[in-house]
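**Student:** Model the full structure from these sequences, guided by the hints.
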Amino acid sequence: MEAETPLLEVQDLQTTFDLTKTLSIRAVDGVSFKVNAGETLAIVGESGSGKSVASLSIMGLLPKDVGRVSGGSIKLNGREITTLSDAEMREIRGKEIGMIFQEPMTSLNPVHTVGQQIAEMVIRHEKVTAAKARARAIEMLDLVGIPEPKSRVDNYPHEMSGGMRQRAMIAMALACEPRILIADEPTTALDVTIQAQMLELMQDLQKKLGMAIIFITHDLGVVAEIADRVVVMYAAQVVEMASVEDIFETPRMPYTAGLMNSIPRLGSSVNKIRLEAIPGTVPALTSLPGGCRFHPRCAHAQALCSATEPALEAAEEGHMIRCARWAELTLAKQPVS
Amino acid sequence: MSAPLLSVTSLKKYFPIRGGVLQREVNTVKAVDDVSFDIQPGEVVGLVGESGSGKTTVGRTILRLEQATGGDVRFDSADVMKLNAADLRKYRKRMQIIFQDPYASLNPREKVREILTHPLKLHRIGTAREHEDRAAKLLETVGLSRDHLDRFPHEFSGGQRQRIGIARALAVEPEFIVADEPVSALDVSIQAQVINLLEDLKTDLNLTMLFIAHDLGVVEHICDRVIVMYLGRVMEIGPVADLYTRPNHPYTKALLSAVPIPKPGRRRDRVVLKGDIPSPINPPSGCVFRTRCPMATADCARQVPKLKAIGPGHLSACIHTT
Numbered sequence: 001m002e003a004e005t006p007l008l009e010v011q012d013l014q015t016t017f018d019l020t021k022t023l024s025i026r027a028v029d030g031v032s033f034k035v036n037a038g039e040t041l042a043i044v045g046e047s048g049s050g051k052s053v054a055s056l057s058i059m060g061l062l063p064k065d066v067g068r069v070s071g072g073s074i075k076l077n078g079r080e081i082t083t084l085s086d087a088e089m090r091e092i093r094g095k096e097i098g099m100i101f102q103e104p105m106t107s108l109n110p111v112h113t114v115g116q117q118i119a120e121m122v123i124r125h126e127k128v129t130a131a132k133a134r135a136r137a138i139e140m141l142d143l144v145g146i147p148e149p150k151s152r153v154d155n156y157p158h159e160m161s162g163g164m165r166q167r168a169m170i171a172m173a174l175a176c177e178p179r180i181l182i183a184d185e186p187t188t189a190l191d192v193t194i195q196a197q198m199l200e201l202m203q204d205l206q207k208k209l210g211m212a213i214i215f216i217t218h219d220l221g222v223v224a225e226i227a228d229r230v231v232v233m234y235a236a237q238v239v240e241m242a243s244v245e246d247i248f249e250t251p252r253m254p255y256t257a258g259l260m261n262s263i264p265r266l267g268s269s270v271n272k273i274r275l276e277a278i279p280g281t282v283p284a285l286t287s288l289p290g291g292c293r294f295h296p297r298c299a300h301a302q303a304l305c306s307a308t309e310p311a312l313e314a315a316e317e318g319h320m321i322r323c324a325r326w327a328e329l330t331l332a333k334q335p336v337s
Numbered sequence: 001m002s003a004p005l006l007s008v009t010s011l012k013k014y015f016p017i018r019g020g021v022l023q024r025e026v027n028t029v030k031a032v033d034d035v036s037f038d039i040q041p042g043e044v045v046g047l048v049g050e051s052g053s054g055k056t057t058v059g060r061t062i063l064r065l066e067q068a069t070g071g072d073v074r075f076d077s078a079d080v081m082k083l084n085a086a087d088l089r090k091y092r093k094r095m096q097i098i099f100q101d102p103y104a105s106l107n108p109r110e111k112v113r114e115i116l117t118h119p120l121k122l123h124r125i126g127t128a129r130e131h132e133d134r135a136a137k138l139l140e141t142v143g144l145s146r147d148h149l150d151r152f153p154h155e156f157s158g159g160q161r162q163r164i165g166i167a168r169a170l171a172v173e174p175e176f177i178v179a180d181e182p183v184s185a186l187d188v189s190i191q192a193q194v195i196n197l198l199e200d201l202k203t204d205l206n207l208t209m210l211f212i213a214h215d216l217g218v219v220e221h222i223c224d225r226v227i228v229m230y231l232g233r234v235m236e237i238g239p240v241a242d243l244y245t246r247p248n249h250p251y252t253k254a255l256l257s258a259v260p261i262p263k264p265g266r267r268r269d270r271v272v273l274k275g276d277i278p279s280p281i282n283p284p285s286g287c288v289f290r291t292r293c294p295m296a297t298a299d300c301a302r303q304v305p306k307l308k309a310i311g312p313g314h315l316s317a318c319i320h321t322t
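First to last, the protein sequences are chains A and P.
Here the first sequence is numbered in this note's numbering, starting from 1 and rising by one per residue.
Here the second sequence is numbered in this note's numbering, starting from 1 and rising by one per residue.
Simulated from the structure, these hints should not be mistaken for lab results.
Cβ coordinates follow ideal geometry from the N, Cα and C atoms, glycine included.
The reader is advised that the hints may include incorrect statements.
As the list claims (entries may be wrong) - Here are the simulated EDC-like pairs of lysine to aspartate or glutamate, each with C-alpha atoms no more than 20 Å apart in a straight line:
id : chain 1 : residue 1 : chain 2 : residue 2
1  : A       : Lys272    : P       : Asp242
2  : A       : Lys95     : A       : Glu126
3  : A       : Lys272    : P       : Asp87
4  : P       : Lys274    : A       : Glu148
5  : P       : Lys263    : A       : Glu148
6  : P       : Lys274    : A       : Asp204
7  : P       : Lys202    : A       : Asp204
8  : P       : Lys274    : A       : Glu200
9  : P       : Lys263    : A       : Asp219
Claimed, not checked - If you want a taste of the chain A side facing chain P, the calculated C-beta under 10 Å gives, among others:
id : residue
10 : Thr106
11 : Gly258
12 : Glu276
As the list claims (entries may be wrong) - Cβ-Cβ distance ranges computed for the label pairs, FRET-style:
id : chain 1 : residue 1 : chain 2 : residue 2 : range
13 : A       : Gln302    : P       : His320    : 55 to 65 Å
14 : A       : Glu159    : P       : Gln303    : 28 to 38 Å
15 : P       : Lys137    : A       : Pro279    : 53 to 63 Å
16 : P       : Lys111    : A       : Arg79     : 41 to 51 Å
17 : P       : Asp76     : A       : Val270    : 53 to 63 Å
18 : P       : Ser51     : A       : Thr22     : 38 to 48 Å
**Tutor:** Rendered as structure tokens:
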């Protein structure tokens, strides 16, 4: 297992945005993680944590002239992809990496039918005939649970409901059987009953097709349901990384523990407790505090926390923590009913 | 039980759909259809439902930000629907609203001082000198400080803006507040701050609140009673502990089981509903939920189920309820 090349390996990734000629920010600052075949990695963080920028960097979709990968490496199956040309990246996107986004209406083209859009992808990457591509499109729509796929294939996106569009988008992302699917807040805009459908569908498809999933979200409930491993990001850095059980059972970084304790859980009406909010706000990337980036909001901060920036350390096999005091802290946990 | 502060009876709000060259009314959206409930003084009532369920429209219609199509709203026994402009203003002093989007609900050209003293001027409360003190006090109540008076909304974070929105609603010392998804747009760590603030205000100021939200965890945390809506109708009403531990209506059951639980490895018997919410233009006949209901039978299409009492203060609108 150890010697196996990970499917995706992100090493010390730096992504810089040039805001003005003189002002740049590092939206992703030294992020490293691996994704193995068939596993689901969740990247969790609040707005501005850099989780979406990290995924855009992997897909090579950073806004031109503003954002760029300024350091580190991203290897897909051992092949460096940060140095590839646009044309080479286009070959990879859709074929090897599938993508789904939060808003299906912005990623589906409104003037083409859903079938045309899926078929176009298949033809582009697999050089098959139009008839075969259309058959694949119908097969994919069927796979994602769209009823009557043979007639739905000729629908325009506006003729579908929100949940169905989301399914169509997943069908498109998976049409060329990518080895890895990047899903950026795919269920955030959905109602809970539709979200439940989508999560079930994605897990189902993962079992059938065996792809790895990078799931970007701010919802810890969703993370607990689908992830195998979790990366927690705060102010452009990874602050904790562990298996999903460890993250929820024994969070070691005060920020992670704080996030856990600030979500209102079902069962609170029987067992009334006050939420433990994290004080203050997420710092702007233009004015980051010195030392640990979380220390101004941290209940456990001491002088050393503002003096030096802690490194990401391994507490045990597979559990990484960025906190100078992790070894001496016992973090309180909200009881789970 | 004392007299309710707010009493809503058979509230209806239909929006016309116009079409053709003459913009004639071709159809209607029944956004709210026959909704009734009471709110006691000091009570926080949650209104939950998915998008299109009509929960926001209920809130807006009660405040007369929308004109109701039918039904009756009584606030402290006054008939809100029949108030004239002058009386409506007096009534609005007693009822306020907190909006979802802290970025869109504050005027970007006004300083916080103006945002907070505006309602005082409108309702002719106090002198100009007192206004400043009152504004500063309001900021302290919501966890900000006097120094923030001369700042513009863009200088604040989302959570701080929502605090300003809450301070504005509190400015005229209302008895009743409609909070329309007040924490949905906020990050998790900030959301907890605002929930705690609302809980403190509820205790300190004895506020009565209609809390509209789609997040069932948040609603359970903050509310005393819950109303579950689907396609413009009430499916179930009940005390929060009762409704969350013993949901009766199939829709409430499905909704609760769909909420992801932040505890890995727990796979529950989830009721995954098939399909989407139907269009409110052509809602299903009989029970509006029947097209997605796992328990639906032919009878469900025949009649609109009435709310039936199944426990103290706990009502459910399902013909299969025994």
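**Student:** Confirm or reject each hint.
**Tutor:** Right, here's what the structure says about each hint:
Proximity of Lys272 of chain A to Asp242 of chain P is assessed by CA-CA distance (about 14 Å); at most 20 Å being required, the pair is judged to hold. Restraint check for Lys95 of chain A and Glu126 of chain A: the C-alpha separation of about 9 Å stays at or below 20 Å, so the hint holds. A distance of roughly 40 Å separates the Cα atoms of Lys272 of chain A and Asp87 of chain P; the hinted pair therefore is violated under the 20 Å criterion. Distance check on the hinted pair: Lys274 of chain P and Glu148 of chain A sit about 15 Å apart at the alpha-carbon level, within 20 Å; holds.
With a CA separation close to 36 Å, the supplied pair Lys263 of chain P and Glu148 of chain A exceeds the 20 Å bound. Annotation: proposed proximity of Lys274 of chain P to Asp204 of chain A holds, straight-line Cα distance about 16 Å (limit 20 Å). Distance check on the hinted pair: Lys202 of chain P and Asp204 of chain A sit about 44 Å apart at the alpha-carbon level, beyond 20 Å; violated. The straight-line distance between the Cα atoms of Lys274 of chain P and Glu200 of chain A is roughly 12 Å, inside the 20 Å bound, and the hint therefore holds.
Restraint check: the Cα-Cα separation between Lys263 of chain P and Asp219 of chain A comes to about 12 Å, which is no more than 20 Å; the hinted pair holds. With its C-beta approaching chain P no nearer than about 18 Å, Thr106 of chain A sits outside the 10 Å limit, and its interface hint is violated. Because the closest C-beta pair between Gly258 of chain A and chain P is about 6 Å apart, less than 10 Å, the hint holds. Restraint check, Glu276 of chain A versus chain P: the minimum CB separation of about 7 Å is within 10 Å; hint holds.
At about 60 Å, the beta-carbon gap between Gln302 of chain A and His320 of chain P stays in the expected band of 55 to 65 Å. Between Glu159 of chain A and Gln303 of chain P the beta carbons are some 32 Å apart, a value that agrees with the proposed interval 28 to 38 Å. The supplied range of 53 to 63 Å is broken by Lys137 of chain P and Pro279 of chain A, whose beta-carbon atoms lie about 22 Å from each other. The beta-carbon spacing between Lys111 of chain P and Arg79 of chain A, approximately 55 Å, falls outside the hinted interval of 41 to 51 Å.
Taken as a hint, the range 53 to 63 Å is violated for the pair Asp76 of chain P and Val270 of chain A, whose Cβ atoms sit roughly 33 Å apart. Evaluation of the 38 to 48 Å hint for Ser51 of chain P and Thr22 of chain A yields a pass: the beta carbon distance comes to about 44 Å.
Taken one by one, the earlier hints fail for this structure at numbers 3, 5, 7, 10, 15, 16, 17, listed in ascending order.
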